[in-house]
Every structure is written in structure tokens, then in C-alpha cells.
Amino acid sequence: MRRIGIYGILSVVLLGLIGCAPGKSDKEESVRLYKEAIVLLGSDSVTIDDCLAAQRLLEQALDADSENIDVYFGKVLNELNLWRPDSAYRTASAAIEKIGETGKNRMKAYFYTVKGFIAYDRGDEADAEKQLSEALSLYESYLTEDPANMDYLLNKSVLLSGLEGKQTALDFIAKSPLKEADKQALIHSLSEFEFRQFGETWRAKHDALVANGQTETNTISNTFKK
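Under the numbering used here, read the sequence shown as residues 1218 to 1443, first letter to last.
In case anyone wonders, no lab produced these hints; they're calculated from the structure.
Worth double-checking, as some hints may not be accurate.
Claimed, not checked - In silico EDC-like pairs for lysine to aspartate or glutamate, Cα to Cα no more than 20 angstroms straight-line:
no.: 1; residue 1: K1396; residue 2: D1368
no.: 2; residue 1: K1383; residue 2: E1357
no.: 3; residue 1: K1321; residue 2: E1357
no.: 4; residue 1: K1383; residue 2: D1399
no.: 5; residue 1: K1400; residue 2: D1368
no.: 6; residue 1: K1383; residue 2: D1368
no.: 7; residue 1: K1244; residue 2: E1284
no.: 8; residue 1: K1347; residue 2: E1357
no.: 9; residue 1: K1252; residue 2: D1287
no.: 10; residue 1: K1383; residue 2: E1409
no.: 11; residue 1: K1400; residue 2: D1388
no.: 12; residue 1: K1244; residue 2: D1303
no.: 13; residue 1: K1321; residue 2: E1276
no.: 14; residue 1: K1252; residue 2: D1280
no.: 15; residue 1: K1347; residue 2: E1314
no.: 16; residue 1: K1347; residue 2: E1411
no.: 17; residue 1: K1252; residue 2: E1276
no.: 18; residue 1: K1383; residue 2: E1351
no.: 19; residue 1: K1244; residue 2: D1338
no.: 20; residue 1: K1400; residue 2: E1357
Keep in mind the model is a prediction, meaning the values are calculated, not measured.
Can you make the complete structure from the sequences, with help from the hints?
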């Protein structure tokens, strides 16, 4: 393969035997716990203690309903904020397993993307290519149904740039069904980011949490678009 390029994004495999589907009360409890965690992580003054408390809530939410994909999404983000990339990789893997091969939940592409960027940060180029290629394939399928979706177009452009080169991404943007102003916006966004920024950004957020007690930016925002 062509060596993965430098351009990139903006900013426990839970396998086991499931005896039965969660009841309504379990589902409601999972949603309640997830919302409590998001309140902690959605503040403009998130602390490391908030993230640790949110992690406990998210784990409880999955215990209540292991099918709640939103919880996996929040847990991956929080594990990155705590800079636990191995745990985030496993959580993303578990989410993909829960969604299944034929599952239509479009967060699947996000989970593959996170796995790919973690692999890239580890220096595992083969796994990075595997995971990011899966994400790229999914975004291509999403765009067949929603060809002018800016988030999907940006995400595909980013992945194309890293996997096949920047010129391939620029050619793709040029052929997209967007107005010229929107195309230029995509090109600008594409030019601002590199794959290596994934690890750098999340390490910096974690260091800020530990050193200063809070991050300068919202934990949930400024992440790869779902």
C-alpha cells in the first residue's frame, strides 16, 4: 500500500454470553446514567475527577444495557480524554461487534476511524490501514444515500488523503455535488489537520486535565464527526 499520508482529522472487547435482552427498566437506567455522564463531560470546566466519575457512570450504563451504542460512543471519548487508548480501542471494537456486520448504525464508521487513528498513533500501519479502510468504505456507502452531507464528505476526504494521498482527496472534493464555497470550506478543513494530531491532541487534553484540573475545550466537542 502507499504509506499512510500525514493528513488527518480535525479533532475491552466486551464479548460474552448475553442471556436475554435488557428490559425496559434496564434500558431506561442505561439512558439515565449516560445522560448523567454527558452532563459531567459537557461542562466548559471539565476536571479529571469529572472524567473519572463519568467513566464509572458509563460502565454502569453498559452493565444496564450493553446494546446502547450511544454509551460506547461516550465511553470511547472519555477513555481518550483520560488517555487510555488501549481501552478506547477495545470499547470501539465492542461497539462494532454490537452493531454487527449488517447493522445500520452510522456510528460504526466513527468507531472504525478511532481504531485506525489509535493504531496509527501506536505505529501499527497495517492495522491503521485496515481500520481506516473499513471506515472509508462505510462513508462511501453513506454518501450514496446522502451525497451532499458535509460531515461525510469531510470524513471521506480526510481518510482518502491519508490512505491514497492528498491529491486523491482534492479530486474527490472537486467532483462532489457541492457549491464552490462549500468545496473550498472542505479543502480548508482538510489542509488544517494531520493524522498525528489525533494522539497529540488527546494527550494534550489529558495533560491539561491532570495539570490544571480542567480542559480548555469541551470534551464532547471538537471530535471526529459522527
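* Which hints from the list above does the structure break, by number from lowest to highest? -> Violated hints: 12, 13, 19; rest satisfied.
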